[in-house]
Structure formats: C-alpha cells, structure tokens
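*Asks:* The residues making up each chain are set out below.
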Amino acid sequence: MNTLHAEWIKLRSLRSTWYTVACLFVFGLGITALSMSGAGTEYRGGTDADRAAWDPTSQSLKTFIVAQLIVGVLGILVVTSEFATGLMQTTLAATPRRNRLLAAKAIVATAVAAVAGQALMFIAFFIGQALLAGQDVPYARLGDTGVLKAVVGGGLYLSAIALLAVGLGAILRATAGALATLVGIVFLVPALSGLFPDWMQGIFDFWPTLGAAAIFGTLPDENFPHPWLNLGGLWLGVAVVLTAAFVVFRRRDV
Amino acid sequence: MTTIEVRGLTKRYGSDVVVDDLSFSVAPGQVTGFLGPNGAGKSTTMKMIIGLAAPTHGIVTVGGRRYQDLPVPLTEVGALLDASAVHGARTAYDHLLALAVSNGLPRRRVDEVLARTGLEGVAGKRAGGFSLGMRQRLGIAATLLGDPRALIFDEPVNGLDPEGIRWIRDFMRSLAAEGRAVLVSSHLMSEMAQTADHLVVIGRGRLIADMGMADLMHANGDGTVLVRTGEPFAHHLTAAGGTVRDGLEGALVVSGLSSTEIGKLAAYHGVPLSELTPQRVSLEDAFIELTRESVEYQGAAA
Chain U
49 MNTLHAEWIK LRSLRSTWYT VACLFVFGLG ITALSMSGAG TEYRGGTDAD
99 RAAWDPTSQS LKTFIVAQLI VGVLGILVVT SEFATGLMQT TLAATPRRNR
149 LLAAKAIVAT AVAAVAGQAL MFIAFFIGQA LLAGQDVPYA RLGDTGVLKA
199 VVGGGLYLSA IALLAVGLGA ILRATAGALA TLVGIVFLVP ALSGLFPDWM
249 QGIFDFWPTL GAAAIFGTLP DENFPHPWLN LGGLWLGVAV VLTAAFVVFR
299 RRDV
Chain E
68 MTTIEVRGLT KRYGSDVVVD DLSFSVAPGQ VTGFLGPNGA GKSTTMKMII
118 GLAAPTHGIV TVGGRRYQDL PVPLTEVGAL LDASAVHGAR TAYDHLLALA
168 VSNGLPRRRV DEVLARTGLE GVAGKRAGGF SLGMRQRLGI AATLLGDPRA
218 LIFDEPVNGL DPEGIRWIRD FMRSLAAEGR AVLVSSHLMS EMAQTADHLV
268 VIGRGRLIAD MGMADLMHAN GDGTVLVRTG EPFAHHLTAA GGTVRDGLEG
318 ALVVSGLSST EIGKLAAYHG VPLSELTPQR VSLEDAFIEL TRESVEYQGA
368 AA
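Here the protein sequences line up with chains U and E, keeping their order. Sequential numbering of the first sequence, starting at 49, is according to the numbering used here. Sequential numbering of the second sequence, starting at 68, is according to the numbering used here.
Because the hints were derived from the structure by calculation, they are not lab data. Ideal Cβ positions, reconstructed from N, Cα and C, are used throughout, including at glycine. Where hints are given, some of them may not hold.
[As the list claims (entries may be wrong)] Distance ranges between label pairs, derived from CB positions: (1) GLY226/E / ARG63/U: 24 to 30 Å; (2) ARG148/U / ARG74/E: 24 to 30 Å; (3) VAL295/U / GLY171/E: 24 to 30 Å; (4) ARG148/U / GLY226/E: 32 to 38 Å; (5) GLY81/E / PRO245/U: 33 to 39 Å; (6) VAL163/U / GLY226/E: 53 to 59 Å; (7) ARG174/E / ARG63/U: 52 to 58 Å.
[To be verified] Not close to chain E: a few residues of chain U, all C-beta gaps over 12 Å, as computed: (8) THR51; (9) ILE57; (10) GLY78; (11) ILE113; (12) ALA142; (13) ALA152; (14) ALA181; (15) ASP192; (16) ALA222; (17) PRO238.
All chains, full assembly: derive it from the sequences and hints.
*Replies:* So, in structure tokens, the structure goes:
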C-alpha cells in the first residue's frame, strides 16, 4: 500500500501528468467534435448500404485512435522518466522489492488511464450524439442495444493500452524507444496488416486498432461476433508483455 | 549497531572484472573513506551494497541482512549515489514525500530533514532549478528521511564550491559522531584526509588497503628529508647509505637517512646547511604509491 501511495504522489506531483490528461481531453474531444459535425452530410449523401451500416456510437468513439496514443504516453512516462533522470536508483534504494514497485506503477498508471479514458469515452459519446441530433440524422442513446458495451468497453480498451505502455517502458527503459514501439503496435502494424502472412491474421483479431477495436461497434459484425472476446484477447496479450517486463525489470542492474 | 559487511564481492561485466573479490566492513561511529582512482569500482561496489546491481559472486549485508530483505530500508541505510537523480519537474517537498511514504515514514520527517539540510525555503520549488550544491543537500535530505544507522555517499563533494565542501565534510563528521556508520567515496586523498577515520583503498576492483588513517601514514615509510646547501653534499649522503634526488630550487630530497643523521654527516664534513627539514609523507603520495603498486600488480598478472 505504501508503495502504491508513493507512486500516486509521484504521478500527481508532476505537471506533465496533468498536461497529458488535458491533451487527452482536448484532442480526444476535439476530434470527436470535428468528425461528428460533418457526419450528417455523409449520412445523407450515402447509399442504402451505407445507411444500414450507420453506427453513430462507433463514429463518436473513433477518437480512441488518438486517445490510445496519449494514454500510452502516460503509461510509458511512469517508468521511463525515472530511468531518464536516474531517479530509478533512488526509488529502488527505497523500495528494493522490484516486483512490488513495478506493480504499483502499473496499477497507478492504469487506474488514471481507466478513469480518464472512461470519462473521455462517455463525454465523446454524448457530444457526438448531440452533434448528430443537431444535424437531424439517426443518433444513439446510452440505453440502445450495445451502446453501453461500446462506451464501457472503450474505457477498458484504453486502460489495456496504458498497461501495455507501462510494460514497454519497463522493457525498453527509454521514452523514445518505448513510444516508437507503441506507435508501431497501434498504427503501423494495423496499417500494414494486409501484408502479413495468414497465420498472423489470427493474432490481429486481438490486436489494438484491429480486432480488439471491435468493442466500439454496436452493429452485429460477422467477423467479430463476440467483441468482448477480442478485447479479452488484447488484455491477455498485454499480460504477456507485462510478464516479460516484470522478468527483465527484476533482473537488470540499474 | 548497523555494520555494512562486504564479503568476497565480485562483479563482472562480460570479461571485465570491475570488482574483484572485495571484502571490508564499515563500522558504526566513524567515517570510512572509500578511496580509489576513477574507474576503480567504487560506485559499482556501492550499487551492490544497496541492491541496484547484482554481484556476480559474494555477499553484502547490512546489519546482518541482505539489503533486499530489509523490511524498511530507509531506516537502515540512507544512500546518495547521484545527486542529479531527481525528477527536475517535481518539487523538493514532493520528491521527499514520495520517498517517505514509500517506507511508511510520517510526513513530519520531510519537514525535519528539510530543516536539517537548510532547504526549508525552497521546499516548494522544483528540483530542476536547483544548483548542484542544493541538489546535493536534497539528496542528503533524502538519505536522512528514515533516520538510518548507516549512510553511503558516492563522491559527495564533486563539483561543489568550498563552502559546500565544508558543509558536507562537517555533516559527515556529525553523522559519524551520532554513532552512524558512514561510507564516503572519493578519488581525492586530500578530501579523505580531512573527513575519514578509516580508509578502504581499492584499485582496479581489488582491495589495496583497509586501515586507520593514522596507520596509513606510518605504513608508508619514514618520509624524506629536505636538505638545502650551497656546497656539494649529495655524494656524502649517498656514501652514507641515503638515496638522493633533486628537489625544487637546488634542494636535495633524501630518503633512507634521518634528519639527525644528515645533520651529523654535514657537521663531520663541514658542510654548511641552509635547510634541513623532515618531510611528512603526504596522504596524496601514500595513495599514489598504493595504487601504483596495484596497477603494476595487475599488469604483471595479465
């Protein structure tokens, strides 16, 4: 508990933490507002098929694509900022039980990302739907089928990315390296996914931005009939990365 | 009483042996100087003491226990290895508070150590704006949080101005006077001469000397005698069994003969002396002598 409390003090006492959270909302909601304000025209100009696939919930939550990178930065910095400043030596001298320390960091970062990410998802949903309603096109309510699942699942998705980022930070120890790896995972691999061999496509069902993002949809998707399963797979993958992080963090000299 | 015990400590990085079968102890109530040239393995040894680096062989115990097994480490050992190891965007107060909380220490300890290190006035300032001297004080404040029985400082006076150096030196002395075990590293013998009671000297990772400061002075020979005269005298000295080399401004530096013997010799030969001064061996000389031998030994072994 002491370790957890200490990590929380460290996180909250840095302005960069709050700048990052502010960024999350400014960019996250800004993108929602911009994309939603033009969505009405798109709906009216679309074919019947386009209209059948109209998913106002998913549209309003699309901002997760940027938000995942920002919560990722938060998770990475919790670990790498200590390596960059050398503070890790002082921290480990005070808390030589390394598993406990990394666990505390993971919990604190993920908790902040969960609260902020969940708030972002709800606010983005309401802003998005309000903008759609203003354009007089079909919009969703929180009680509609699958909507709550998408919004809550979105928060869990962002939490998983933050936890993944903590793991990457602990493994790579450098902010730049960890961030590049995260960008590779959430942006580059999805962009190039078609180029990869068939056996990898199975993994992509649980990959961030790809299969795991099925949780944001409210319409039945034949590729991903059970979105919770895809999100669960993402968490499992994160657990594997985190396990590796614990192993190397424990063994390395600082 | 907390004693730091280092037994057979060895650290290899690949084929490099940075610390080689090192054993010594740090006793309470005195300042133990940990001395060696740059790269001798001082910092690595200190990292192994507090569990930041894992020894290849050997063990380190603090009060009989491994550092990793200490239930509340900050109450046993306070260590300052790198004063710049703070997050520059965090305030001094928050930096110390997080450390205190991590060991379950009460919040008032933060105020107490800030007062003891004279940092009350800047507690709310971000550490990034601190001068080196202030960072050093902040680092020392952190080591004192748990009121530990043993303290470890790695090159604490490096880069400090004379006032800062004096402050640190007095601080070390007062910590030892309170009965704590204090281990201070330095590559400057002169610094140790004014601070340490006991010396552990290493070179290339190996123990060279582990002795009291006074013993070190005695162990390193009888010293030399400075002789100044206008007449030729060196051949008499050599004939009497002395070793002579030229000193500054025509002086002779004689070893192997005492000043009394030289005085008698001069009187016998009727040589007028303008100066006859026994030289105490300087700690710096003793140190260079000690480490030079270690280097030669290493060279011969390779």
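*Asks:* Checking a non-interface call: every C-beta of chain E should be farther than 12 Å from the C-beta of ILE57/U. Is that right?
*Replies:* violated, 4 Å
*Asks:* When you take the CB atoms of VAL295/U and GLY171/E, is the distance between them in 24 to 30 Å?
*Replies:* holds, 28 Å
*Asks:* In terms of Cβ atoms, is chain E entirely out of 12 Å range of GLY78/U?
*Replies:* holds, 26 Å
*Asks:* For THR51/U, is the shortest beta carbon distance to chain E beyond 12 Å?
*Replies:* violated, 6 Å
*Asks:* Measuring Cβ to Cβ, find out whether ALA152/U lies farther than 12 Å from everything in chain E.
*Replies:* Violated, because the least Cβ-Cβ distance between ALA152/U and chain E comes to about 9 Å, which does not exceed 12 Å.
*Asks:* Is the nearest Cβ of chain E still more than 12 Å from the Cβ of ALA142/U?
*Replies:* violated, 5 Å
*Asks:* Given the hint of 52 to 58 Å, is the C-beta distance from ARG174/E to ARG63/U inside that range or not?
*Replies:* Once the Cβ atoms are compared, 22 Å apart, the range 52 to 58 Å for ARG63/U and ARG174/E is violated.
*Asks:* Starting from the range 32 to 38 Å, see whether the pair ARG148/U and GLY226/E falls in it by beta-carbon distance.
*Replies:* Given a distance of about 34 Å, which is inside 32 to 38 Å, the answer is holds.
*Asks:* Over 12 Å to the closest beta carbon of chain E is the bar; see if ASP192/U clears it.
*Replies:* Non-interface label on ASP192/U holds, nearest chain E Cβ at 44 Å vs cutoff 12 Å.
*Asks:* Over 12 Å to the closest beta carbon of chain E is the bar; see if PRO238/U clears it.
*Replies:* holds, 33 Å
*Asks:* Please check whether GLY226/E and ARG63/U have a Cβ separation lying inside 24 to 30 Å.
*Replies:* Hint holds: Cβ distance 28 Å, inside 24 to 30 Å.
*Asks:* Between ARG148/U and ARG74/E, does the beta-carbon spacing fit 24 to 30 Å?
*Replies:* Holds, at about 27 Å.
The structure shown violates the earlier hints numbered 6, 7, 8, 9, 12 and 13.
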